[in-house]
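Undergrad: Take a look at the letters that make up each chain.
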Amino acid sequence: MGINPDIVGRVYPADETYQVGREKIREFAAATKATSRAHYDLDAAAELGFADLIAPPTFAIIIAQRADAKLVADPESGIDFTRVVHADQRFTHHRPIVAGDELVAELHVDLVREMGAGAMITSRAEITTTSGEKIATTISSLLVRAGE
Amino acid sequence: MIDFDTLEKGQVIGSKTISVNRGDLVRYAGASGDFNPIHWNERFAKEVELDSVIAHGMFTMGSAVDVVSEWVGNPAAVIDYQTRFTKPVVVQDPAGTNPTDQPGTEILVEGKVGALDAEAHTARIDLTVSVDGTKVLMKSQAVVQL
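Taken in order, these protein sequences are the chains called A and B.
Numbering follows our numbering, in which position 9 of the first sequence is assigned residue number 9; successive positions increment by one, without gaps.
Numbering follows our numbering, in which position 118 of the second sequence is assigned residue number 118; successive positions increment by one, without gaps.
Calculated directly from the structure, the hints in this document are not laboratory data.
Careful, some of the hints might be misleading.
[To be verified] Heads up, simulated DSS-like pairs for lysine-lysine below, C-alpha to C-alpha not over 25 Å straight-line:
no.: 1; chain 1: B; residue 1: K139; chain 2: B; residue 2: K46
no.: 2; chain 1: A; residue 1: K33; chain 2: B; residue 2: K112
no.: 3; chain 1: B; residue 1: K112; chain 2: B; residue 2: K87
no.: 4; chain 1: A; residue 1: K24; chain 2: B; residue 2: K46
no.: 5; chain 1: B; residue 1: K16; chain 2: B; residue 2: K46
no.: 6; chain 1: A; residue 1: K33; chain 2: B; residue 2: K87
no.: 7; chain 1: B; residue 1: K16; chain 2: A; residue 2: K33
no.: 8; chain 1: B; residue 1: K135; chain 2: A; residue 2: K24
no.: 9; chain 1: B; residue 1: K46; chain 2: B; residue 2: K112
no.: 10; chain 1: B; residue 1: K112; chain 2: B; residue 2: K16
[Said to hold, decoys possible] Beyond 12 Å from chain B on every Cβ pair, some chain A residues (computed):
no.: 11; residue: N4
no.: 12; residue: P5
no.: 13; residue: E27
Glycine included, every Cβ here is placed at the ideal spot set by N, Cα and C.
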C-alpha cells in the first residue's frame with residue numbers, strides 16, 4: 001500500500017495561472033514574520049530596484065504546494081494525504097518573484113524510494129511566467145508514513 | 001552593503017528568536033494555503049501520533065531566513081534556500097492563556113558563513129535552527145548573491 005513507483009517521470013502540466021498580488025505578499029511576509037520593508041512598502045522595494053513588492057524567499061511554496069496537491073490527489077499515486085510529512089524543501093530562484101507576476105508551475109515526479117515501511121516521493125515544480133520566463137525551481141520531498 | 005572581500009568562513013552573520021503560538025499557525029495556514037489540521041487541531045494531531053499541534057515546517061523555514069534577508073538588506077538576494085525538516089516544532093496551548101497573546105514556542109536561529117564562492121560572488125549562509133537546544137532543521141542553507 002505504498003506509493004506507486006510507476007509515477008516517477010510523470011509531469012503535471014502548468015495549467016493554472018497564479019497571479020501574485022501585493023496584499024498576498026504582505027500577508028505571507030507578515031505570517032512568516034519577515035521584517036524587510038521591501039515586502040510591504042513600494043518605496044522600499046523601489047530602493048532595491050524593483051517595480052513592485054518583492055515576495056519573501058519562500059513565497060513560491062504557495063505555488064509549489066498547489067502543484068503538489070495534484071500529485072497527492074492523483075488516485076494513481078497511492079499517497080495517503082493524512083500520512084504525509086514534509087521531509088525537505090529547496091528553492092532556487094532564477095529571478096525574484098514580484099507583485100504582478102503571472103506564474104504557472106509544471107510539476108515533475110523525480111523520485112520514489114522506499115523508506116522502511118513508508119516511502120519518500122520527490123517532486124520538482126518548474127515555475128515560469130505565463131510567457132515562459134524561468135522564475136524558480138522548487139524541490140520537495142514528502143515522506144509518506146506507513147499505515148498501521 | 002556587505003563587502004564580499006571582508007567575509008570569512010565561519011563568521012556569524014546574526015541571530016534571532018522567533019516566537020510561534022497557535023494564532024501564528026492559523027495565520028500561516030491562511031497565508032500559505034496549507035490547512036493540514038496537524039497545524040491547528042490538537043485532537044487530530046494526537047490521533048496521528050504527534051505530541052500536540054506542530055508548526056508548519058514551512059513556517060519555520062520561512063521565518064528563519066529573515067536572519068539572512070536582514071543581514072544582506074535585500075530578500076531578493078537569496079537565490080537558493082534549502083532545508084531538511086528533522087524534528088517537529090510543538091506549539092502548546094497552555095490553559096488559561098489567550099492563544100494569540102501567549103508567547104508560544106521560541107525558535108532560535110543563528111546564521112554563519114558556510115562557504116564563499118569568489119567567482120560567482122555568492123556566500124552560503126548556514127542556519128542553525130533549534131528549539132530548547134534541539135535542532136529542528138538540518139542542512140538549512142541559503143545562498144546569497146552579493
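Undergrad: Please list, smallest to largest, the hint numbers that this structure does not respect.
TA: Structure breaks hints 1, 4, 5, 8, 9, 13.
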